[in-house]
Amino acid sequence: MKSKIIVFTIITLLSVAAFGQNSEKGSIGISYTPFGKYSFLDSKKSTDLQVDFQKYTAVGINYLMPINKSFCLETGVEYNLVKLKTFTDTNTIFANDTSFSTFSMIEIPLAFRANFADILFFTSGVLFDFDMNSYAPISKQSGVGLMAGLGLNYDFKMGLSLYANPFVKLHSLIPFGNWENHQRLIDAGVRVGIMYRL
1 MKSKIIVFTI ITLLSVAAFG QNSEKGSIGI SYTPFGKYSF LDSKKSTDLQ
51 VDFQKYTAVG INYLMPINKS FCLETGVEYN LVKLKTFTDT NTIFANDTSF
101 STFSMIEIPL AFRANFADIL FFTSGVLFDF DMNSYAPISK QSGVGLMAGL
151 GLNYDFKMGL SLYANPFVKL HSLIPFGNWE NHQRLIDAGV RVGIMYRL
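According to our numbering, the sequence shown is numbered sequentially starting from 1.
Among the hints, erroneous ones may be present.
Stated by the list, open to error - DSS-like cross-link-like pairs, simulated, lysine-lysine; straight-line CA separation at most 25 Å:
#1 LYS37 to LYS55
#2 LYS25 to LYS55
#3 LYS25 to LYS69
#4 LYS55 to LYS83
#5 LYS157 to LYS85
#6 LYS83 to LYS37
#7 LYS37 to LYS85
#8 LYS157 to LYS25
As the list claims (entries may be wrong) - Each pair of labels, with its calculated beta carbon distance range:
#9 LEU150 to ILE174: 21 to 27 Å
#10 SER101 to PHE122: 18 to 24 Å
#11 SER104 to ILE28: 20 to 26 Å
#12 VAL144 to TYR79: 17 to 23 Å
#13 ILE28 to LEU173: 26 to 32 Å
#14 LYS85 to LYS157: 20 to 26 Å
#15 ASP155 to SER99: 25 to 31 Å
#16 ILE30 to PRO166: 15 to 21 Å
#17 PHE122 to ASP97: 41 to 47 Å
#18 LEU110 to ILE30: 17 to 23 Å
These are computed hints drawn from the structure, not numbers from a lab.
For each residue, glycine too, the CB sits at the ideal point set by N, CA and C.
Construct the entire structure; sequences and hints are all you get.
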């Protein structure tokens, strides 16, 4: 509940700040990550518990605030849902216990985006992650992370634009909770989206 209150507060502040600048500038849109892959950047000392990250889906609302023709700031909110397969492996036929669960997280990116040759862009920045599942068999991922990616963007005359954005994200590099034996996640995927110029 506390995490949800924090998320709501930050989203509200971001919305006020973004639209308070100039309602005629910037772009707002939606994004979808149809496929991607999570894995551990590092892990706990115990290797008995094995986690297989399976289906991964993410959706988001994004806002671009232009600085000039070549650079802009990107923020928004994205929701990640990952299906997990967990099993205990102690090299005996009697110890293999398999279970399935889900892991969900809300991300708030704050990134710098550079545009090249009208259709190319590079983005890099920080992530504020909020773990929404207290029962997933991995360390809570609430914390500050990093992100980077390249992309292709095509602008239409009516104010719409489409983009595809391969990315890499490092989660919870600075966790909000306990640092001891903390498992950090890395994920890579391709995000696609549509933006509308305000």
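Consistency of the hints with the structure:
A distance of roughly 8 Å separates the Cα atoms of LYS37 and LYS55; the hinted pair therefore holds under the 25 Å criterion. For the proposed pair LYS25 and LYS55, the alpha carbon gap of about 37 Å is over 25 Å, so the pair is violated. The straight-line distance between the Cα atoms of LYS25 and LYS69 is roughly 12 Å, inside the 25 Å bound, and the hint therefore holds. With a C-alpha separation of about 5 Å, the suggested pairing of LYS55 with LYS83 holds against the 25 Å cut-off.
Between LYS157 and LYS85 the CA atoms are separated by roughly 46 Å; this puts the pair beyond 25 Å, and the hint is violated. This hinted pair checks out: LYS83 and LYS37 have alpha carbons roughly 11 Å apart, not beyond 25 Å. Under the criterion of a C-alpha separation no larger than 25 Å, the hint pairing LYS37 with LYS85 is consistent with the structure, at around 14 Å. Distance hint between LYS157 and LYS25 is fulfilled; the C-alpha atoms sit about 16 Å from each other, no more than 25 Å.
Distance hint check for LEU150 and ILE174: the Cβ-Cβ separation is about 25 Å, which falls inside the suggested range of 21 to 27 Å. The hinted window of 18 to 24 Å between SER101 and PHE122 is violated, with their beta carbons roughly 35 Å apart. Distance hint for SER104 and ILE28: a CB-CB separation of about 24 Å, consistent with the stated range 20 to 26 Å. For VAL144 paired with TYR79, a C-beta distance near 18 Å keeps the hint of 17 to 23 Å intact.
For the pair ILE28 and LEU173, the beta carbons lie near 28 Å from each other, so the given range of 26 to 32 Å is met. At roughly 47 Å, the beta-carbon separation of LYS85 and LYS157 lies outside the given 20 to 26 Å, and the hint is violated. In this structure the supplied range 25 to 31 Å is violated for ASP155 paired with SER99, their Cβ-Cβ distance being about 47 Å. Evaluation of the 15 to 21 Å hint for ILE30 and PRO166 yields a pass: the beta carbon distance comes to about 18 Å.
Restraint check, PHE122 to ASP97: a C-beta distance of roughly 45 Å satisfies the suggested window 41 to 47 Å. In this structure, LEU110 and ILE30 meet the distance hint of 17 to 23 Å, their C-beta atoms being roughly 19 Å apart.
Consistency note: the structure conflicts with the earlier hints numbered 2, 5, 10, 14 and 15.
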